[in-house]
Amino acid sequence: MLKLILAVFAFQDHATGGVGETAEHGAAAHGTHAQVLDTANWLPGVTALIVFAIAFAVLGIFVWPKIAKALDERENKIRREIEAAELAQEQAKAALADYQRSLANARDEANKMIAQAKSDAKAVAEELRSRNQAELIEMKQRATREIESAKRAAISEIHQEATGLAVSIAGKILEREITPKDQKRLIDDSLHEMAEAGKE
Amino acid sequence: MFSLASSSPTDHVVDLLNPGGIPLLTTHTITLIVVTAVFLAAMIYAARRIATGPESEGNERYITRGRFPQMVEAISIYLRDEMLTPVLGEKATRQYLPYLLTLFFFILFINVFGLVPLADIQHLLGLPTYFGGTPTASITVTGALAIISFFVIQIHGFRELGWKGFLQHLTGGLMPGPIALLPIVVIVFVVEVAGLFIKPAALAIRLFANMVAGHTLMAVLIGFGAMVAKQGGGTGSIVGISLLSGVAAIAITFLELFVAFLQAFIFMFLTAVFISLMSHHDEHEHEAEGHEHESHSAKGAAQHAH
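First to last, the sequence lines map onto chains A and B.
With this note's numbering applied, the first sequence corresponds to residues 1 to 200, in that order.
With this note's numbering applied, the second sequence corresponds to residues 1 to 306, in that order.
Don't take each hint at face value.
In silico DSS-like cross-links for lysine-lysine, where the CA-CA straight-line distance does not exceed 27 Å [said to hold, decoys possible]:
{"no.": "1", "chain 1": "A", "residue 1": "Lys77", "chain 2": "B", "residue 2": "Lys91"}
{"no.": "2", "chain 1": "A", "residue 1": "Lys69", "chain 2": "B", "residue 2": "Lys91"}
{"no.": "3", "chain 1": "A", "residue 1": "Lys66", "chain 2": "B", "residue 2": "Lys91"}
Pulled a few chain A residues facing chain B out of the computed Cβ check, cut under 7 Å [unchecked claim]:
{"no.": "4", "residue": "Leu49"}
{"no.": "5", "residue": "Ala55"}
{"no.": "6", "residue": "Val58"}
{"no.": "7", "residue": "Phe62"}
{"no.": "8", "residue": "Val63"}
{"no.": "9", "residue": "Trp64"}
Hints were generated in silico from the structure; no laboratory data involved.
The beta carbon of each residue, even a glycine, is placed where N, CA and C say it ideally should be.
Turn these sequences into a full structure, and let the hints guide you.
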């Protein structure tokens, strides 16, 4: 390794010396005093140490903190936004699930209500129908009764009229006086016969 | 003589003392100062554009505007999250990130500026060559950066392991142990101590050698036309050779641009790997299997680098 280092230095000295003459010629042509580097090789090294130290200090104060802060802030922002987006997505999923659950509940409720309404309507209709039927039956029975009663009254009246007329006619035919007592007996008999005839 | 503009094609890789008659300065020192000034201005500008704006801007405040700041940000995030955190862990990455990123961008700027033919431009303008070339093609510059890395690595080792742990590390974990292992411990100790210096030396030589080699190759390619002319070649051969070597030089320039990034990355990354190697090993054992794998990768990378 030492040999290699020495060889490198030797190469540089050689390279410097080799072209130095040319450089000197060039510099001389321009009237300047550029010289070949022989032992002054430490100058660039020392300069490098100084300028690097200055660069490191300046960058350490004015550059790297700013860049590091910006990168951290950006990373944090991206992380925060990803977390917020994930949270929003979770919330959206939960909201969607809630909505779907509510929708299903509402649909069930509506179905139940419709079924209940149908059932109620059916029951009401049934009740109305049965009530109407009862009323009709009652009306029919009442009408029948009234008709029967009227019929009886009419028949009775007709019987009375007919009996009276018959008695009157019979009296005229027999030309004899029928006493009220006879008349009553005749009427009763006739009515009885008519009633018997009606039963048959 | 060799190139059309510069006095020498190797002006990119050699350093000249007292450029323009300025005492105690060299072209590389002036280049270093100029590049550092540009580097600081560019990075401060980038930091301002990357920094989060006022709240009144809303979400826009988090957006980085400008291609260069975006590039700095993308590189910083990539190096931090994909390269350094797996090797160093969260805590050490935060601790050493300013140094490592400064190292990376500093070397990168110098390497990339080295590709700009500043010396040739000055030559074309009839000016003395005040600055130009690639300072990282100087072993003392890369050596200086390696010395800084050496101190960072060793200080981290002492802080992390303590004196006792540091010495134990140098014995490869064989001490305290059987007395019979003492000869081996001595050998391991010598190797480990040498390794402390060899590692940063390898960093310095790798960067220096890559920069010198790339720029020398480019200079040689560019100089082919002039060489043919010097040898008394005809116009056709001069144009033909110049075209061929020009195309090759352009291709090598792209390769050098890649090398500029690669070497900056390697210098920085290996420094991080050496820091991680001086970390407490128990922590690694207690951490997840994945991290253990990464630690092995880091060691592998270090061995590969050697």
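Structure-based check of each hint:
1. In summary, the hint linking A/Lys77 to B/Lys91 is supported, as the alpha carbons are separated by about 22 Å, within the 27 Å threshold.
2. For the hint linking A/Lys69 to B/Lys91, the alpha-carbon distance of about 16 Å falls within 27 Å, and the restraint holds.
3. Restraint check for A/Lys66 and B/Lys91: satisfied, since their Cα atoms lie roughly 19 Å apart, inside the 27 Å limit.
4. Using the Cβ-Cβ criterion of 7 Å, the hint placing A/Leu49 at the interface with chain B is satisfied: the shortest such distance is roughly 5 Å.
5. At its closest, the beta carbon of A/Ala55 sits 5 Å from a beta carbon of chain B; the interface hint therefore holds under the 7 Å criterion.
6. For the restraint placing A/Val58 at the interface with chain B, the shortest Cβ-Cβ distance is roughly 5 Å, inside the 7 Å limit, so the hint holds.
7. Contact between A/Phe62 and chain B, as hinted, is supported at the beta carbon level, the nearest pair being about 5 Å apart and thus within 7 Å.
8. Contact between A/Val63 and chain B, as hinted, is supported at the beta carbon level, the nearest pair being about 4 Å apart and thus within 7 Å.
9. Against a cut-off of 7 Å between C-beta atoms, the interface hint on A/Trp64 holds, since the closest Cβ of chain B lies about 4 Å away.
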